[in-house]
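Novice: Please build the complete structure, drawing on both the sequences and the hints.
Counted from 1, the sequence shown has number 44 at position 44 by the UniProt record's numbering; the numbering is strictly sequential.
Hints in this document: simulated from the structure, not taken from any laboratory. Since the model is a prediction, treat every value here as computed from it, not as a measurement. One should not assume that every hint holds.
[To be verified] Heads up, simulated DMTMM-like pairs for lysine to aspartate or glutamate below, C-alpha to C-alpha not over 25 angstroms straight-line: (1) K140 / E122; (2) K34 / D90; (3) K60 / E122.
[What the hints assert, rightly or not] Restraint-style ranges between C-beta atoms, simulated for each label pair: (4) G168 / K78: 47 to 57 angstroms; (5) P48 / E103: 15 to 25 angstroms; (6) I73 / E114: 52 to 62 angstroms; (7) S153 / E50: 37 to 47 angstroms; (8) G168 / P48: 40 to 50 angstroms; (9) E114 / E44: 39 to 49 angstroms; (10) K78 / E148: 38 to 48 angstroms; (11) I147 / K46: 36 to 46 angstroms; (12) E164 / D75: 46 to 56 angstroms; (13) E68 / N6: 20 to 30 angstroms; (14) L156 / Q43: 25 to 35 angstroms; (15) N61 / E3: 19 to 29 angstroms.
For each residue, glycine too, the CB sits at the ideal point set by N, CA and C.
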Amino acid sequence: MTEYLNVGKIVNTQGLKGEVRIISQTDFPELRYKKGSVLTLFQEKKEPIELTIKTHRKHKNFDIVTFEDHFSINDVEKYRDGILKVSKDDLADLPGDEFYYHEIIGLTVIDENEKELGKIKEILSPGANDVWVVQRPKKKDALIPYIESVVKSIDLEEGIVRVEIPEGLIDDEN
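Specialist: Now the structure itself:
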């Protein structure tokens with residue numbers, strides 16, 4: 001059984017020439033929407049179908065793509081609310097210091113005092129660097145920036161991230 005990872009959700013059509021608006025959920029839009037890339041569209045109560053990317057551009061917060069052999073709004077309207085996915089087998093190997101979101105979410109965070117802070121439940125991409133949302137037992141979620149001075153090591157096999165928390169970064173009151 002092939003495993004798939006979300007790339008983005010088709011939220012609407014764009015214009016009349018077969019473009020669709022996608023809200024991306026991928027770390028690598030430039031790779032996923034590259035001309036010739038094949039993505040699998042999943043829709044409720046329908047068989048998944050493979051679509052080949054023809055064009056890609058950014059517009060506001062959306063990725064706008066067209067698919068091979070889809071020439072008008074009529075060809076793509078039926079894909080609205082569908083989820084585009086990539087097969088896990090198609091994932092490229094990343095350089096040693098880069099990770100896919102799905103590899104990071106769920107890892108346990110340990111601070112410099114060997115104290116468990118919690119588990120990473122989400123990754124935010126607000127700007128210059130990602131921010132990891134750490135769910136803590138009986139406390140507010142902690143936000144940890146993914147920067148060298150804070151994240152010291154990531155061990156996927158053990159499922160552990162070691163961090164050094166600068167004073168004031170995490171509010172321990174709540």
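Novice: Each hint: holds or not?
Specialist: Taking the hints in turn, this is what the structure says about them:
1. K140 / E122: It holds: about 14 angstroms lies between the C-alpha atoms, which stays within 25 angstroms.
2. K34 / D90: Distance of about 14 angstroms is within 25 angstroms: holds.
3. K60 / E122: The given pair, whose Cα atoms are some 23 angstroms apart, holds under the 25 angstroms limit.
4. G168 / K78: 47 to 57 angstroms: holds, 52 angstroms
5. P48 / E103: 15 to 25 angstroms: holds, 24 angstroms
6. I73 / E114: 52 to 62 angstroms: holds, 57 angstroms
7. S153 / E50: 37 to 47 angstroms: holds, 38 angstroms
8. G168 / P48: 40 to 50 angstroms: holds, 48 angstroms
9. E114 / E44: 39 to 49 angstroms: With Cβ atoms ~46 angstroms apart, the hint holds.
10. K78 / E148: 38 to 48 angstroms: holds, 46 angstroms
11. I147 / K46: 36 to 46 angstroms: holds, 42 angstroms
12. E164 / D75: 46 to 56 angstroms: holds, 52 angstroms
13. E68 / N6: 20 to 30 angstroms: Given range 20 to 30 angstroms: holds, Cβ gap about 21 angstroms.
14. L156 / Q43: 25 to 35 angstroms: Roughly 32 angstroms apart at Cβ, these two residues keep to the hinted range, so it holds.
15. N61 / E3: 19 to 29 angstroms: Given about 28 angstroms between the Cβ atoms, the range holds.
In terms of the numbered hints stated before, the structure departs from none.
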